[in-house]
Amino acid sequence: MSTWLTIVLSSAGCYALKLIGVSLPESVLAHARVQRIASLLPVAMLSALIVTDLFDSNRHYSADWHTLAGVAVGAAALWRGRSLLMVFVLAIAATALLRLIA
Amino acid sequence: MIAQMMLRGEIFAIGLRGKRRNLSAVSAVTRSPTRAADSEPFAGRTEITRAAGGIGVYAGLFGLAFGAVAAAAGLSVPQAAALSAVMFTGASQFALVGILAVAGSPLAALAAALLLGVRNAFYGVPVAGIVRPRGLGRLLTAHFVIDETTAMAVAQGERRAGRYAFWATGISLCSMWNLGTLAGALIGSSIDTSSLGLDAAAPAIFLALLWPQLARDRAAVVAIGAVAVALALVTITPAGVPIIAAAGVAIAAGLLPEHGGRGEEDPS
Numbered sequence: 000m001s002t003w004l005t006i007v008l009s010s011a012g013c014y015a016l017k018l019i020g021v022s023l024p025e026s027v028l029a030h031a032r033v034q035r036i037a038s039l040l041p042v043a044m045l046s047a048l049i050v051t052d053l054f055d056s057n058r059h060y061s062a063d064w065h066t067l068a069g070v071a072v073g074a075a076a077l078w079r080g081r082s083l084l085m086v087f088v089l090a091i092a093a094t095a096l097l098r099l100i101a
Numbered sequence: 000m001i002a003q004m005m006l007r008g009e010i011f012a013i014g015l016r017g018k019r020r021n022l023s024a025v026s027a028v029t030r031s032p033t034r035a036a037d038s039e040p041f042a043g044r045t046e047i048t049r050a051a052g053g054i055g056v057y058a059g060l061f062g063l064a065f066g067a068v069a070a071a072a073g074l075s076v077p078q079a080a081a082l083s084a085v086m087f088t089g090a091s092q093f094a095l096v097g098i099l100a101v102a103g104s105p106l107a108a109l110a111a112a113l114l115l116g117v118r119n120a121f122y123g124v125p126v127a128g129i130v131r132p133r134g135l136g137r138l139l140t141a142h143f144v145i146d147e148t149t150a151m152a153v154a155q156g157e158r159r160a161g162r163y164a165f166w167a168t169g170i171s172l173c174s175m176w177n178l179g180t181l182a183g184a185l186i187g188s189s190i191d192t193s194s195l196g197l198d199a200a201a202p203a204i205f206l207a208l209l210w211p212q213l214a215r216d217r218a219a220v221v222a223i224g225a226v227a228v229a230l231a232l233v234t235i236t237p238a239g240v241p242i243i244a245a246a247g248v249a250i251a252a253g254l255l256p257e258h259g260g261r262g263e264e265d266p267s
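So the protein lines, in turn, are chains A and B. So that you can map any letter, position 76 of the first sequence is 75 in numbering that gives the first Met the number 0, and since no number is skipped, the others follow by simple counting. So that you can map any letter, position 262 of the second sequence is 261 in numbering that gives the first Met the number 0, and since no number is skipped, the others follow by simple counting.
Chain A with its partners taken away, still in its complex shape (with noise of 0.2 Å):
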């Protein structure tokens, strides 16, 4: 499947989920188990988008120490409650600058 297939078929889908959501009459996705696996989905995807990311080095595992050290300062600035854009900035930040001296 060609890069392009894809960039359009998951943008098609994607948008398709949207008009799902703002045309299905509302009982039809009001079932708790259904909301709960749906408020659940992207927190095992997020999770496993952050070790993949890290870890994984196309089947095999290895990890850059400067982006662990950066996504670990912007995590301490999650802790800290720093905003969104915040921690997006530390994160980056402190990966160039770790690349840079080190």
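Think of the hints as simulated: they come from the structure by calculation, not from any bench. Note that the coordinates shown come from a computational prediction; the quantities given were computed from them, not determined experimentally. Only true hints are included.
Simulated coverage check for chain B against chain A, where a stretch passes if three residues somewhere in it have a Cβ under 8 Å from a Cβ of chain A:
1) 93-103
2) 190-198
3) 220-231
Even glycine gets a Cβ: it sits at the ideal position worked out from N, Cα and C.
Starting from the known structure of chain A, arrange chain B on it as the hints suggest.
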């Protein structure tokens, strides 16, 4: 209307928790129970506009990061721009280019983008109640249904304010996200993005989106399970598959019956 929104608080917490800091100024003004007559301007319009502008600024910066990450992943400038214009849902976009970057399976990239987009379908229910789109307006409304616009719309005390918040945030965020992506893709295709620390951008954003959600019922267990499943599969499946497999943890946890009669509406 408001009661319905409260009943569904569980789902919107995804967007709301992360945005609560931005929204506090707005909701403090607009949460007043007094209802203005239809002809009067609703309270808090200026505050909503200001908050929407602030969200636009951060969307521009995130868009810049996305464009640069997409370019570093090997996508062309038109491909990065098309994703932001048509897909227009950040987590799905970052997941897709992240999987393509490591030459992962295109099907896994597609599935990851769609699974992360499922939450937008659930956001659509209250948004439709607040915005009440008609005809072709429904198509544009659907396009704008994401974490931030939903959080802004449902945080307002009255429907007209919610409707205004939805459109103000949607227009601000959509334009800045796309401009940022274009600039980021142009920059990213000409310089080494890792020297700017942008390889930390996606995991940092994912972490920031995940953080407020961990407080909810079963979330911490699901997160640990998802990490274990994903890491276990890294060496034996194509890139992207570990992320799809992790979705199974959420489905399994969601299907388990309620324990000890604890309510699920308000985990906090």
